[in-house]
Amino acid sequence: MNNTFNMNRFGLLLRRQWLDFGKIYLISLAVVLGIIVGFYGYNIPSPLKNNNFDYDGNLDMRFRYPLLLMLGFIFISIVASSYFNILGQKSRAILELMTPASVLEKFLVGVFYTGIISLFSYLLIFYIADLGFSKYLNSELAMFGNSSPKGGSIKEVETISFQIFHDENYRSYCSYFFAIPFLITSIFLLGSIYFNRFHFIKTALSVMVFTGMASYVVFKVSEQLTKNMTSINHTLESNEKENVLLILLAVTSLLTLIFWLITYVRLKEKEV
Amino acid sequence: MIKINNLNFGYSKHKPLFKNMSMQLSNGHIYGLLGKNGAGKSSLLKNLAGLVYAQSGTLEVMGFNPAKRQPALLEQICFIPEEFYLPSVKIDAYVRANAPFYKNFDHQYFGNLLKEFDIPVSQKLINMSYGQKKKVIIAFGLATQAKLIIMDEPTNGLDIPSKAQFRKIMASAMTEDRCIIISTHQVRDLDNLIDTVIMLDENDVALKASVQEITEKLTFKKVKEIDDSIIYAEPSLSGYNAVMPNYHHEESKLDMELLFNAILAEKVKFKPLFN
Amino acid sequence: MEFRDNKAIYLQIVEYVCEHILLGKWKADEKVPSVREMAVALEVNPNTVMRTYELLQNKNIINNKRGIGFFVAENAIEGVKSYRKVQFMDDELPVVFRNIYLLNIGFDELKTKYETFVKENFNA
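Protein chains in written order, with full-length UniProt numbering: chain A, 1 to 272; chain B, 1 to 275; chain C, 1 to 124.
Among these hints, one or two may not hold up.
As a list, the in silico BS3-like pairs of lysine-lysine whose alpha-carbon atoms are at most 30 Å apart [claimed, not checked]:
| no. | chain 1 | residue 1 | chain 2 | residue 2 |
| --- | --- | --- | --- | --- |
| 1 | B | 224 | C | 59 |
| 2 | B | 15 | A | 268 |
| 3 | B | 13 | A | 202 |
| 4 | A | 23 | B | 103 |
| 5 | B | 271 | C | 7 |
| 6 | B | 163 | B | 19 |
| 7 | B | 221 | C | 31 |
| 8 | C | 119 | B | 269 |
| 9 | A | 268 | B | 103 |
| 10 | C | 25 | B | 222 |
| 11 | B | 222 | A | 270 |
| 12 | C | 59 | B | 217 |
| 13 | B | 90 | A | 90 |
| 14 | B | 19 | A | 90 |
| 15 | B | 90 | A | 23 |
| 16 | A | 23 | B | 124 |
| 17 | B | 217 | C | 7 |
| 18 | B | 168 | C | 59 |
| 19 | A | 90 | B | 13 |
| 20 | A | 90 | B | 147 |
| 21 | B | 168 | C | 85 |
| 22 | A | 90 | B | 68 |
| 23 | C | 81 | B | 222 |
| 24 | A | 270 | B | 133 |
| 25 | C | 81 | B | 221 |
| 26 | A | 268 | B | 3 |
| 27 | A | 270 | B | 269 |
| 28 | A | 270 | B | 221 |
| 29 | C | 7 | B | 222 |
| 30 | C | 7 | B | 267 |
Treat the hints as calculated values from the structure; they're not laboratory data. Keep in mind the model is a prediction, meaning the values are calculated, not measured.
Could you build all of it, start to finish, from the sequences and the hints given here?
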């Protein structure tokens, strides 16, 4: 018997965890859908409003971006920070730890649910809601009169996914932030096993304190390095910008892996 | 089955719970683990199950180190904790999700055990009383066909008929290849089931002996008066319940409560008898 | 079965089996319950029942037929009687003797008492 990883056991564990976790998860997805629908309903252009157009003369759908990011952050961080909280309760922790699956399998199932399933199900829900509202608006374009403020006829609303993926530049720009959602889930997953109670608040607080401290250090260090120096006019070359973004991608990916590794070790060392 | 060697364990460095504890347990026995509150009964059981880690010393369960939590060992351990959790699903859903981890799981036996315990299969676990839930996890644990069965206060929360059912079930669950360890305060619930007594006191094993060995060396009886041969006695309605060395090869019934109190009170006198 | 406080459990089970044989509930060459069945019925450790059965085998009260189980021996009743006799002589008689001695009871008196008892109870 392979005591480290076995695909069959991994599958069984996914199914088993779903039994514990699935119902509440589906309910929270429904809540997320409700929130999205609420925001769209309130913010989409409507003949009853005066300013329905953005500065390009298209129907104003700009509220979608902050909603996608904020709600996404809240959802995946809550899901991640509740995953291992069962290990904070003695009786449930015993049941989890005594389940005949390896530590690696238990850890990977956690990563799978918090890092992959939660993220993709969120994006899917958002996509569906967005698609629905876009289709609805496009079928009722006549409501907004005949012409846009910038002249010409009113253009159809594009879905958020179309906007992100259609434009090559935009797409490659976004790819540098690819690791950030995983970083968020990895931090909150670690928080859920690290703290025994109030996982979410404690994790959020620690993140704030750490980022605060890190920015302070960076600020102080750069202040020291640039002491008695004058800034000469410097414009960012495009490949420099790319390098910064690459470093961002590398650092966020690395941090994600480090947080996952620490989570694995914590799980391995968990005592009841 | 189980080898414990110089085990040192404690929840903090300054308050050790076990100091250089060594002990071997073999299959084909029902061990009764006794000890005062805080003597470390649950902690010893958790050490065996790999739920906590020793500071030093070695622990071997069926050739595995339980601290590694390997699936091959976990599927051979049935651990019934005193406080437990069951998700709010029906029994069959619970079994469908958990039984496949145990390759020897016996569904028919599980059904028989539930029947014996009077548990309706279609009932939701959340609507059950503590005692009923306990019976479900005991039934599930036994149906996994695990070789090592660890139970922490299993009769707590069971009503009187359930205790009798529990004793019957444990009597039938005891096979040659199984090792059953039961920690208990309710000695009277289980004293005919236990064949070997393990008593923890003062950071170590104060006594580990089979009932046969104990009753060969000691005799438990009612006496009218106390004399020098008596090691320990407690007043009763008609004189005293006494423990004394078994000079005349009497075959008395082990009184586990009396033995427990006797060892706590007169440890020095018992040491030479059992070494 | 109710266990008493004063005697080892395995011996109490020996008596239980002997009682069944003497009362004719279990006849010669009949199978006796397996160790496990007996342990379950009496809610005791199977090792205890095993000890009982070993003792009964030594006293030629039951036989172990390999692979099939335990059976009541051909002349089990004699075995039971001789076992009981030893038990009585060793355990119960000393108590009776002690009382006879303490209460100054004569053997003649005892003899008449015994004969009436037998006549009344067994019509012998």
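Taking the hints in turn, this is what the structure says about them:
1. Taking the CA atoms of residue 224 (chain B) and residue 59 (chain C), the gap is about 35 Å. The hint is violated against a cut of 30 Å.
2. With a CA separation close to 24 Å, the supplied pair residue 15 (chain B) and residue 268 (chain A) stays within the 30 Å bound.
3. For the hint pairing residue 13 (chain B) with residue 202 (chain A), the CA-to-CA distance comes to about 27 Å; that is within 30 Å, so the pair holds.
4. A threshold of 30 Å between alpha carbons decides the hint, and for residue 23 (chain A) with residue 103 (chain B) the separation of about 27 Å falls inside it, so the pair holds.
5. Between the alpha carbons of residue 271 (chain B) and residue 7 (chain C) the distance comes to roughly 25 Å, so the proposed pair stays at or under 30 Å and holds.
6. As the CA atoms of residue 163 (chain B) and residue 19 (chain B) are separated by approximately 35 Å, the hinted pair breaks the 30 Å bound.
7. Taking the CA atoms of residue 221 (chain B) and residue 31 (chain C), the gap is near 36 Å; set against the 30 Å cutoff, the hint is violated.
8. Proximity of residue 119 (chain C) to residue 269 (chain B) is assessed by CA-CA distance (about 54 Å); at most 30 Å being required, the pair is judged violated.
9. Between the alpha carbons of residue 268 (chain A) and residue 103 (chain B) the distance comes to roughly 24 Å, so the proposed pair stays at or under 30 Å and holds.
10. Distance restraint check for residue 25 (chain C) and residue 222 (chain B): the Cα-Cα separation of roughly 34 Å exceeds the 30 Å cut-off, and the hinted pair is therefore not satisfied.
11. Taking the CA atoms of residue 222 (chain B) and residue 270 (chain A), the gap is about 50 Å. The hint is violated against a cut of 30 Å.
12. Between residue 59 (chain C) and residue 217 (chain B), the direct Cα distance comes to roughly 24 Å. Compliance with the 30 Å bound is thereby established for this hinted pair.
13. Straight-line distance between C-alpha atoms of residue 90 (chain B) and residue 90 (chain A) comes to about 22 Å, which keeps the hinted pair within the 30 Å bound.
14. Distance hint between residue 19 (chain B) and residue 90 (chain A) is fulfilled; the C-alpha atoms sit about 25 Å from each other, no more than 30 Å.
15. Annotation: proposed proximity of residue 90 (chain B) to residue 23 (chain A) holds, straight-line Cα distance about 14 Å (limit 30 Å).
16. A C-alpha spacing of about 15 Å is found between residue 23 (chain A) and residue 124 (chain B), which places the hinted pair at or below 30 Å, so the restraint holds.
17. Our distance criterion of 30 Å between C-alpha atoms is met by residue 217 (chain B) and residue 7 (chain C), whose separation comes to about 15 Å.
18. Distance restraint check for residue 168 (chain B) and residue 59 (chain C): the Cα-Cα separation of roughly 28 Å lies within the 30 Å cut-off, and the hinted pair is therefore satisfied.
19. Restraint check for residue 90 (chain A) and residue 13 (chain B): satisfied, since their Cα atoms lie roughly 22 Å apart, inside the 30 Å limit.
20. With a C-alpha separation of about 24 Å, the suggested pair residue 90 (chain A) and residue 147 (chain B) falls inside the 30 Å cut-off, and the hint holds.
21. As the CA atoms of residue 168 (chain B) and residue 85 (chain C) are separated by approximately 33 Å, the hinted pair breaks the 30 Å bound.
22. The suggested pairing of residue 90 (chain A) with residue 68 (chain B) holds, with an alpha-carbon distance near 19 Å, which does not exceed 30 Å.
23. This hinted pair checks out: residue 81 (chain C) and residue 222 (chain B) have alpha carbons roughly 29 Å apart, not beyond 30 Å.
24. The straight-line distance between the Cα atoms of residue 270 (chain A) and residue 133 (chain B) is roughly 26 Å, inside the 30 Å bound, and the hint therefore holds.
25. The straight-line distance between the Cα atoms of residue 81 (chain C) and residue 221 (chain B) is roughly 27 Å, inside the 30 Å bound, and the hint therefore holds.
26. Restraint check for residue 268 (chain A) and residue 3 (chain B): the C-alpha separation of about 23 Å stays at or below 30 Å, so the hint holds.
27. Using a Cα cut-off of 30 Å, the hinted pair residue 270 (chain A) and residue 269 (chain B) is violated, with the two alpha carbons roughly 41 Å apart.
28. A threshold of 30 Å between alpha carbons decides the hint, and for residue 270 (chain A) with residue 221 (chain B) the separation of about 48 Å lies outside it, so the pair is violated.
29. Restraint check: the Cα-Cα separation between residue 7 (chain C) and residue 222 (chain B) comes to about 12 Å, which is no more than 30 Å; the hinted pair holds.
30. This hinted pair checks out: residue 7 (chain C) and residue 267 (chain B) have alpha carbons roughly 25 Å apart, not beyond 30 Å.
Consistency with the previously given hints fails for numbers 1, 6, 7, 8, 10, 11, 21, 27, 28, ordered from lowest to highest.
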